[in-house]
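Asker: Letter by letter, the chains look like this.
Number of protein chains: 2
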Amino acid sequence: MNVFYLPDANDGMVSFPEEESRHCVKVLRMQAGDRFCVTDGKGSLYDAELVEAHPKRAVACLSNKRAGYDNKTFRLEIAIAPTKLNERTEWFLEKATEIGIDKVQLFASCHSERRVANVERFRKVMIAAMKQSIKSRLPEIEDVTDFNKMVQQPFDGQKFIAWIDDDVTDLLCDKYEKGQNALVLIGPEGDFSPEEVQLAKDNGFVPVSLGEARLRTETAAVVACHTVQLINQMRK
Amino acid sequence: MNVFYLPDANDGMVSFPEEESRHCVKVLRMQAGDRFCVTDGKGSLYDAELVEAHPKRAVACLSNKRAGYDNKTFRLEIAIAPTKLNERTEWFLEKATEIGIDKVQLFASCHSERRVANVERFRKVMIAAMKQSIKSRLPEIEDVTDFNKMVQQPFDGQKFIAWIDDDVTDLLCDKYEKGQNALVLIGPEGDFSPEEVQLAKDNGFVPVSLGEARLRTETAAVVACHTVQLINQMRK
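Just so you know, the protein sequences line up as chains A and B, in that order.
So the first sequence is residues 1 to 236, counted in my numbering.
So the second sequence is residues 1 to 236, counted in my numbering.
The hints are all genuine.
Same chains, same names: a pair is fine if it fits in one copy or spans any two.
When the alpha-carbon atoms are kept at most 30 Å apart in a straight line, the in silico DSBU-like pairs for lysine-lysine are as follows:
no., residue 1, residue 2
1, K84, K26
2, K131, K56
3, K178, K131
The hints are simulated quantities; they were obtained by calculation from the structure and are not laboratory data.
Could you build the full structure based on these sequences and the hints that come with them?
Answerer: Shown next, in the form of C-alpha cells:
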C-alpha cells in the first residue's frame, strides 16, 4: 500500500506539492483512478484516488477520514544527543517512528560528540518511516537545545534519566507506570557529566538503568522507546 | 576499554593472530605494558597486559578469568530471513548482540528476498558488537537453512512465530514466560506463506503478534529480542 504525506489533507479534492507529485506520477507511475492512502501526520488517515496524474501538480480525491491505529493515551518523548555518526541517529529515528514515539528532543551536553544537526534531514527519515509503517502521526523533532535549558522545561508526566552508572539499580521497566506520559533522557556517547546528572535530578528526573547490557546511545534510545511501548501493550 | 576476541583464551601467555596483532599494535598503537580486556566469546572475560608489541605476533599475559555479566539462565534464539538490503540484517545482528541473544538462525522461505548470506561478514559484525559492548559470549550464527527444515528441528523451550496477521491477537510479551528458553521466527519481508505458517504451527510454534505497529523485518527481530530480555529483567 502506497502512503503519501499531506500535512493539509482533508476530505475532498487536494493538490499534491511538486515533490510528492513527481514521486507519485514519475517514480511510482501512478495513473488517474489508482488508489492509495494519505496521512496528515496529525492522527488521521484517508483513502485516496488519483484524479489528475500531473507530474508537478497531481490532484487526488480524499475520503473516509479516520483515526490511525497509532493514537495512544500516553505521550512518549526521548531526548538524545546527536551521535558522532549521523546514520546512527537516523537509524534511531526510523526505528522509534516505527515502534511509536511522539517527540524527539535533540540536546547538546558537556561531552556531546556533535552539537549541530540537520533537522530537516532527520525529519525526512521520520516521514519515510511514518509512510512505510502506515502511521497517522509524524513525531515532532526540533533543533538541538542546550542540555541545561532542556531539563528545566516543564513536562507533564514521568521524567527519567538513563546513563551508565553502577550505582543506578532501578530499571526503567520497573519505574515507568503504564498509561503515564514519559520523557527519557539518554546518555550521550561521552556520557553525562556529574553536574548534568545532578541538574536533571534537581529538576525531577529519576535515574534509571536500561538493564545490564552496555548499549550504544542509539540502541539505548530504541530500547527505552520499546520499553515504554511494551509496558503499555502488556495485558497480564 | 579495548576488548580483544581470542576464542582460545586461557590464563597465562597467549599469542594474538595476525589480524588482531595488527589492530592492537598498528591501529591502536599499544605498547608493552598496556592493559586491556579479552573475551573468549564462550562466557569468560580476562584482564590482559601486552608483553610483546609485535605487529604480526603480539603476545599478552592473561589473568583474572571471570564469567561475563551476560551469562543468562535462559536461551534466546531468533530466526530471520536475510533482508534484501544486507545492512538491515547487519543492523539487527549488531543490536541483538548488544541487547543479548544466543543464536541467530537464517532461513530462506517461500517469499524470501534473499536466499544467500555472507555469514562470515555477519559474524564479524557480531564480533565487533560483542567487543564494543564488552560481552563475554559471541552469539552463534549459521548459514541459511530452508524454512521447512528449520521448523522441524528440535528446540527445548517456547517456540513462537511472529508475522503480520489481523487474526493473531496474542502478544509475545503475554505468551512468553520469564526464565524459559525462547525461539522466535520473524516473518520475512514478503511474509510467510499460509503453508509455512501451518507447518510451523504443526511443529509447535505459537502464533504471536509484536503489537499494533507495522514493523520492518529487522525492527521486528530487535523488538522480539528486547521483549524476551525485558521480561526477564522486570522485577515487579
